[in-house]
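K.L.:
Chain A is fixed; fit chain B onto it per the hints.
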Amino acid sequence: MTNILDDYALISPLRHRNNWLKLAIVLFGLLAGVSSRSPIPPFFIALCMSFATVTFGKAPLSLYVKLLLAPMGFAVIGVFIIAFFSGTGPELLSFELLGYPLSVRADGFELALLVLARSISGMCCLYFLALTTPMIELFAVLKASRLPESFIELSMLIYRYIFVFLDIALSIKYAQTVRLGYSSFRRSIRSLGMLGSTLFVRSWEQGDKLFLAMNSRCYDGKMALFEVHRPVRAPEMLLTSAYFLLTLALLYLTKNASIV
Amino acid sequence: MIILETRNLKYTYPDGTVAIQDLNIEIMKGKKIAFVGQNGSGKSTLFLLLNGTLKPSQGEILFRGVPFKYDSKSLREIRKSIGIVFQNSDDQIFAPTVFQDVAFGPSNLGYSKEKINTCVQLALEQVGLSRFKDKPPHHLSGGQKKRVAIAGVMAMEPEVIILDEPLSNLDPVSADEIMDLINEFNHFGSTIIISTHDVDLAYRWADYVFLMSNSRIIGQGTPVEVFKDSELLKKAGLKQPTTLEIYHEIERRGLAYGRHSPKTIPELVNTLKPLELMWVEVPPGVKEGDNLNLGVMYGEYATQSPYEAINATVLHIHSDGRAVVELKRKGIKAGGILLYDTENYSLPEIKQILKKGEITFVGAMGKKSKILAEQDGIQLDVTSGVIDKSILMALCGKRCLILTAGGMVDHALKRIKEYVEKSGIEFTVGVVNREEDCQWLKESRSSPETLKI
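Which chain is which? The protein sequence lines are A and B, in order.
Residue numbers 1 to 260, in the UniProt record's numbering, belong to the letters of the first sequence in order.
Residue numbers 1 to 453, in the UniProt record's numbering, belong to the letters of the second sequence in order.
The set of hints was computed from the structure by calculation and includes no laboratory data.
Note that beta-carbon positions come from the ideal geometry of N, C-alpha and C, so glycine has one too.
None of the hints are false.
Just so you have them, the derived chain A footprint on chain B, three or more residues with Cβ under 8 angstroms:
id : stretch
1  : 73-82
2  : 94-100
3  : 105-111
4  : 131-140
5  : 147-158
Just chain A, same shape as in the assembly (with noise of 0.2 angstroms):
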């Protein structure tokens, strides 16, 4: 039963390593991708964490690459907005479509180059942490973090009643199917309408049946949380320091530098 990110991180080893750890490689990530001035870095980083998700994290490739598609279909139309339309100095490339002149300027290509690196490594970030921490690891971060209790309690709750519902709702919307509810554009919206105040009734009840569990044990208010204590070992520590050096090395390296 692997459908959504989330179950993949469940099964990912990553998923026992630290979570702050984690943390801290996505956020020097991102940060690092934004302020560089040159493609390169950013091109490094989207490399390094790929290949941590990829062999580290045991992501599928395949669903790795189909997951990176999909933003990538935007950022690949801004970039060649970008590279058209913006910059000056002189011509990589001209042509012309239909009567109106198109010309790839260096500046331009190197703005568009730059916008596609950061994208991309801000994506393999995210998609890192995406595909490392289920959301259950995250609720302690979010407690250390000093977000108010009540928030952090409902936010578990409805961690977990989003895939009640999920069950539920599929369940009618399989119900509804069986008996020829979408059988027609009018009928679907009809059929949709119902499994959505279906799904609120059965949600308000699920409520009041959520109360009387936790008062039958003894609820006082106050829901625990119980963080598992996951050291940072020396390896994870020097491979981390390892890619953080040069990272940094990299952006000084490059400060100046220009591809074109």
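P.N.:
Below, chain B alone, put in the same frame as chain A:
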């Protein structure tokens, strides 16, 4: 000792529907209680009343002789002592991981972190889910969810555990595991209350049964008393348990006699003995109604086990010195059932027992033992309904080994000994790796005739 008691209990829902009325029950400590009734007969409402969740409109509930009070401190005490497991596990499990859910109760009791940890570990180990502690509930199967729900209640160490329809929506094997678990808790002294509409379950499992219909108790007693009364059952909208029904049909056809109430299949099989009559020559002086000892028979004269001690009751004495007698056979040394406590487990020992004890049938009870057997590649012939099947195999002269742990060892031992006592068919029962040694390994070579009957 009465642990829970209700007096003139009445509950009306806010919309005016009467859910419970005139309810007077007494529940004994350490017993297995079943409330049996159709859907909507008021079982679930009663359970919410017993847990202090609902407040009765009239009457009172007493726990250990003290009436329930409904201030928050007393309610806490009640809910700590009386745990409830809901019918739908999804209603009960609300935390994002198994561990957190089981820890919810203990942490509300204000235990220290270490104590919570040990409580939860223990509870999860008992239900065989230690490996799943970091999983989110939506990755578990129905049976596993049910076990998490039970562990969540067990972790609070209640004296009374109430389970609302514990076996609904479970496959037979999971259902069996849940019953094993419940029996184990009962063995350690917990009072267990379940609701069910499965008459077969209530009949074979419970010590005491309450029949509910239309928000009232319409009958109560031991399962044998309650389920014999078919009029009462009809009133409750229920039918007779299958084993009892089959037995009555068999009895009506004259294939069994004796007015038994068999609960399990072995007991049912054991009733399948038509009256056995024989002409024998009797010494003078014997009167009608006397008992004769015909000695030990074997071979074709022993029909049920390799050797049989046969007693006879004289029914009629003929003038020529012969008499009609009714035979009573008592088997000696059918097979045997050996129990192995997996708490002190060693693979070489088991292998040796399997070889030396000429064991042909191996079963495992309880999740822990099953996992152990699976790990070490011990071939299991049976994993559900283990005790019954082992008794049936033993009756056929086979030797069985049951792997199990903790309280279930005693539970199994008790069940099998009870069967031996009731049926009069003797076979060896023992626990291998405990103080009292394995009997049959010693006795197997001595001849059956020397055994005392």
